[in-house]
Structure formats: structure tokens, C-alpha cells
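Asks: What follows is each chain in one-letter form.
There are 2 protein chains.
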Amino acid sequence: MVEENEILSKILRYSDPYAALEESVRVRRDGLSIGNDFYLTKHPLIVSLGKASHKMAKWAIEKFENAKVVSVSLGEKTPGVENILSTHPNVSENSVRAALRISELINSDDYDLLLFLISGGASAMVENPAIPLEDYIRINYRLIRSGLDIWKINTVRKHLSLVKGGRMFSSTKKQVVSLIVSDVPGDDVSTIGGGITAPDPTSYHDAIRIAERIGDNQLKNFLLKVQAELGETPKELKNVRNYIILNNFKVLSRLANELSNSFILGSELQGEAVEAGKFIASIVNSIHDYKVPHKSPATLLLGGEPDVTVRGKGVGGRNSELGIGFITTVRKGVNYGLIAFATDGIDGNSDYAGVSLGDMWVDEVDVKDYLESSNTYAYFEVNNRCIKTGSTGTNVNNIYIVYIK
Amino acid sequence: MVEENEILSKILRYSDPYAALEESVRVRRDGLSIGNDFYLTKHPLIVSLGKASHKMAKWAIEKFENAKVVSVSLGEKTPGVENILSTHPNVSENSVRAALRISELINSDDYDLLLFLISGGASAMVENPAIPLEDYIRINYRLIRSGLDIWKINTVRKHLSLVKGGRMFSSTKKQVVSLIVSDVPGDDVSTIGGGITAPDPTSYHDAIRIAERIGDNQLKNFLLKVQAELGETPKELKNVRNYIILNNFKVLSRLANELSNSFILGSELQGEAVEAGKFIASIVNSIHDYKVPHKSPATLLLGGEPDVTVRGKGVGGRNSELGIGFITTVRKGVNYGLIAFATDGIDGNSDYAGVSLGDMWVDEVDVKDYLESSNTYAYFEVNNRCIKTGSTGTNVNNIYIVYIK
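Read top to bottom, the protein sequences are chains A and B. Residue numbers for the first sequence follow numbering that gives the first Met the number 0, beginning at 0 and rising by one. Residue numbers for the second sequence follow numbering that gives the first Met the number 0, beginning at 0 and rising by one.
Next up, chain A with everything else stripped away, as it sits in the complex (with noise of 0.2 Å):
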């Protein structure tokens, strides 16, 4: 196996956001061109939202020459742009201040091509509710401990929204070019950042039948009263366009390009981290065993966002739980290595971005008290396998190596 630093490296590299603009987009005296498409602009303005923001404005502060460039960013400010301050994941005053000036630089009308730089956390950074704001922080709280899938919050989310589900851009007829690190399994573009460049799939009709489903009737109340306010979303933004220019699976396919023996498993794991964990560790028992599905050596790859259920008040995250879980089933004596690594560097409420786990073979009985306590990075302290990065300015989730000898 390649060392544990090179391949976080290569990580790294393979999903930074601004390698991957580079790498996708070329900026010209009189527009850019992103595959075989060409978009004339001289003076366009830029907006860059979402855990990759900053390093997205750096690149187009850096590429277009009469830019005006907006970022919307948790901290980072980028020189030269103007920055706005925002928060995730709960929406705020900062969310709909960015949403109000964003929409005032959207209908100066003083560009020539509007171009959104998209990336996870975008959703709750620039919001507008069309209700009162603690109305919405408190159905969106609902919502998402509701067990809806992302793709119904969303639903509910855009019919309650003054700027989601393409209404951002009623007032403008210019060309929209989105591009976009997506952190959702599967690139649905309505979902990403909260659908803000997309146009909306989905009606107020069925809005309002997940609000009766979760017996919900102030929350269909409100969608009545939006709907007879602000009308049906676009179905159709005839200017827009969005090009998802970097995501898990691209970072997982560039890795497996340069790992040898490699296999890729999948880029959208969901499901209990502790439990896919366990999963993981019973397709390497039979990689060693009968050398399905892949023969050994190998390198298993795989990404997504796993579900950590918080039982404790201990510092644990999707990554720990997925180790401990792994290192409770991989059969003694099977000789592995596993690195556990949230590409944004910070996994759940700790200061480490993951794990890397090697000649480790325990008994549930030996970390019990850790899970119990949801404090599964205490395990890892003490043994002395953290990964520490600090945070990385990207999000394309989690990616899984997995070595067996």
C-alpha cells in the first residue's frame, strides 16, 4: 500500500475545488468554455457559495479580469471579492442578508453573464423565507428529523422560499452557467445547494401533501398562503445551466486510477456509519477468504455520507464510528489498512477528519463504552490513529481506502 500521507495527498488534491475549475473550465479574453460549450462574457458577475466558496472566488478572482466576484463563505474572506459572512448548517439573518444581496447584484443588471460557483452547504447560506424566519427555522428542524429523504425537505424547503427553486432568477433574463462540487449522491442539481440555480421538479401540490404526510398544519397553511402569494415555481429556466464540475465518484475514480489492484464499491454509502462499518469489514473477510469481489491484493474505494446516531455527549463522527465498526468485524489476523477521511477535514464534532486503522482486530465488548457515549474518537486518541488536517475548503463527503494484503 502507498503511504497513509501520500494517499491523503492525493485526496486532497483530487478534490479541491479549484484544481477542479482548472481542470474544467477555460476562461478566454471573451468568455469560458466548459466542454464543448461557449459562454461570451466580458464583465460577468461571479457568485461563490458553500463550503468551497473561498477557494472558488480565488480562482475566478484570479481567471476573469472584469469580474465583479461575490463569496458567501462560513470565515474565509478571498482578497479582492466581496465577502459575505454567512452560516450553516441552520439557516439565519446572515442567510437572508446574503440572499437580499445577492438578488439587489442580480437585478442591477450591471454584468453580462451571471456565473454561480455551487458547493455543499450553499442551501442554508443564502436563504430568503417567504414566512417569518423562526417559522422556518422551526419547520426545517421538523423536517429534518422527520425521516423524509433530502429530495422532500427540499420540496418543502423551495415552496416556502423567496430565491429557491429557480426564483432567484425570475428577474433576470441573462445567461446563468452554474458550476458545481456536489456533495449529494447521485448530482441531483435540485437538490444540491438547495436547488438555488435549478429549475423546480416539484409542485406546492406536493408540498403540500409531505406537510399532511408529517401532519404538519401550520406548515400546509403557510405553503397555502405562499402559494397564493408568490404563484408555482419555474419549471423551466430556459438561461440557466449547471455543470457539476467535481463530486465523490470523480475523486474516487482518479484514486483508483493510481492505487493498484484498486475496485471501486460505490460513491453514495448511506446508512449507519457504526453499521457500514461492519459491512465494510465483511466484504474484506471475504476478499481474504475467497477472493470475491475482487481478488487480493486489493484497494476497495468508497465514498458518501454515512448516518451517525449521537447517543453520548463524547467528540465521535461518521469516520470513527465507521472504524470501530470495522475493526469489531474484520476477522483477526486479516491484514489491512483503512483510511476513514471527510474531504471537508472535519468529521462531526471533532477536530479530526478521520482515521487510519491498520493491525487493529477488537471485540464489541472492548468498545462499548465508547460507542454508548458516541465518543469513538477517544478510542482512536489513544491509539494514536487520527487523521488532523484542519478544514480543507471543499466538500465532496467521505472517502473510504480500504488495503487488504
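A hint or two may mislead.
Note that the list lumps identical chains together, so a pair holds whenever it fits in one copy or between two copies.
Quick list of in silico lysine-lysine cross-link-like pairs, PhoX-like style, CA-CA up to 25 Å [unchecked claim]:
id, residue 1, residue 2
1, Lys404, Lys331
2, Lys331, Lys234
3, Lys67, Lys172
4, Lys219, Lys367
Calculated from the structure, these hints are not laboratory results.
With chain A's structure known, arrange chain B on it following the hints.
Replies: Just chain B, lined up with the frame of chain A:
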């Protein structure tokens, strides 16, 4: 995809212990050959144990002319053999009676070869504790809930037993051959059926450390007492040979040969069943979106024994819970078929063997109540998706077949 009924009949055929014995063993007038090994025998003593004991005893009585055949079963009686009724998963007075009768026959010396036919469940069905039965039962209960792996649980059990860990064979120098239908991932012969015909690679020292680890002083004292009385378990059984004639992987391999575009993901699935279902669906989503780890159309084969955390008093099992996890996670519109099947015919506390699903995509909120009451078969009953076979007389764990268009 081939028809559901056709697949089910294939699974049943390939997991049939009678057929596996016919294929693995040639019985001649003067002995039996297994692969390249030949054993002389004219009047063997044949002991069939476990969930497949009836079918294996039936094979024995049909193939051998001068054999004494004993079958320890959970109820099924095989004509022409000595039938002993026992219990599973709990050790009982019947288990002790079965052990005593088998030891008596071994000591009789009235045979020229001892042939064991072992399948899952044998461990509880034949046991003679060296400590009072009620204490053994209490300790066993504690061990199962300890979070220790099966290897460590068996380490303790073997050191409390008058028959396990090879002790049953201390009184004979005759050739012992054991033909095993494995229900244990990795096929460790010292674990399958409690390691009844395997030498014990573990020691009292190991068992006592385990007792200390779970803080059970009474257990520790029992171990010290039994050690003083019986001495160490045999570390070598020169006259015993073990053969795995059937396991989950062999069934998957034969299915894979017959199903188009198929690949085996593994045969040793562990972890919480509902989460395993989500994991499998994540992989299906990636097959659909990115053609990894296999291009579509594809048939994914998987086997093993996921866990179920029982939360309510409803009717459910591994396979119905796995099915629920799957349908909440597979992306809407992905064209799939899923068969989740317990080869012993009984999933959890239900009368069903599993579920056969397709065209179902639901939100977690839709199935929440069923999961919380552990009543997942009720969900599939309404939708007419349950598979019923009744007890099949074999056990190579569970088989999962997913077709992705």
C-alpha cells in the same frame, strides 16, 4: 431476471445437504472417498447433528449397508436410524442426554470408523457441561449478550464442557471423519457446531482471561475448578479429519454461474440488518449511476448473517429488516429486484423465509412504525411480498440476490 420461483428452487437445490453429500462423497463397499482421500470402513458409526441432521442421516442410511446411524434433530425423525430429540438455540436436559448417548456409542467400540455429519445448531443440541446445567445456561446467556465474538464465546464453552473441544474423542483411537455443512463465516471448524470434532486451539488461560474481561467471577471459579478436574483440552486430534462439504459461498458460486452479469459481493455479511439493507441499496444506486462496482444490468449476490436488534413484539427477522432498509435507500425509479432468503426457511420469529421485492421506494417515515415495533413482516404482508417455504432442513445462512436493470 429469471423468475423468483426459479431462483428460490435453485437456492434450495444448491443448499441441500443430501445433494452436497452425494456430490462430495463416494460410498463404496469397503469405504468412502472424499476428494482424494479414502477411508476404509465396513461398519461405521454415523452421527448426524444439527439443523440438517435429518437429510444427512437419510443420506447415511441409504448409502451405507452396515452402519449404525444416529440423528440428533429438533423434531424430524428419519426412518431406520436412532432418532434423538434435542433443543436449539438453548442447551437443555435433552442436549445432555444426546451427548451421553453419543459418548456411550463411541465407547462401545462397535464400529470401525466414526463418521460425523455436522450442521449449524449442533453446538446446543449436543452438550454435557462439566458444571451444573443451570449455571451453564446462565453463563451461556451472559456470554451471548457480552459483545464477545463467537470465537471467544466458544473458547469459554469448550472449557466448561465434557464433550466439546475434542474431549468426546479422548476414549477412541478409531478414525473419525467429519463432514460439515457450515453456517459460520470463514468456516472455522473449531467454531461450527461448537467445534465438536476439532482440536481446541485455545486454553484455560484464554478462557479465564475472557471471564476476567467480562468481570464474571463465578465463571472464572468454574473454569479453575474444571481445569483442575479435567486438565487441558486436546490440542491435537490425530485421528480426526474435518471436511467442509457445503457453505454459503458454495451456494453463491453456483448461483453466480447460472445468473447473467452476476458478481458475488461476499458471503460473510455482518452488522445490523436494516443498515445492511441500506448499504446494499447504496451499492445498487452506484451501479445505476456510475456502473461500479459492476455495469448494469447486473445481479449482485451476497450471503451471511446480519443481526437484528429486537425493539418491539412484532413479527420480523433479518431478511424483512434488510428489505425495509433497502427500500428506504434505493433511489426512486431504479429498476431492481431483491430476494432476501433464509436457507433454513425460517426468518426470525416469523413463518416466512424472507421477502421478494421490486418497484418499492419509500421514505423512512413510511416504515418507522414497523421498524420500531419489530413488525417488519406486517409491512410486506400488506404488500404481498413474503416468501414462505416452511423449514427446509438445511442451514447455510441467508442469501441475498439483487437484480439491477
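Asks: Are the hints correct? Go through all of them and say.
Replies: Hint check:
For a Cα distance limit of 25 Å, the shortest separation of Lys404 from Lys331 inside one copy, 13 Å, qualifies, whereas the shortest one across copies, 37 Å, does not. Proximity of Lys331 to Lys234 under the C-alpha cut-off of 25 Å is restricted to the inter-copy arrangement: shortest distance 20 Å between copies versus 56 Å within a copy. In this homomeric assembly, Lys67 and Lys172 come within 25 Å of each other (Cα to Cα) only inside a single copy, at 18 Å, whereas the closest approach across copies is 91 Å. When the C-alpha separation of Lys219 and Lys367 is checked against a cutoff of 25 Å, the pair qualifies only between copies, where the shortest distance is 22 Å, while the shortest distance within a copy is 43 Å.
Taken one by one, the earlier hints all hold for this structure without exception.
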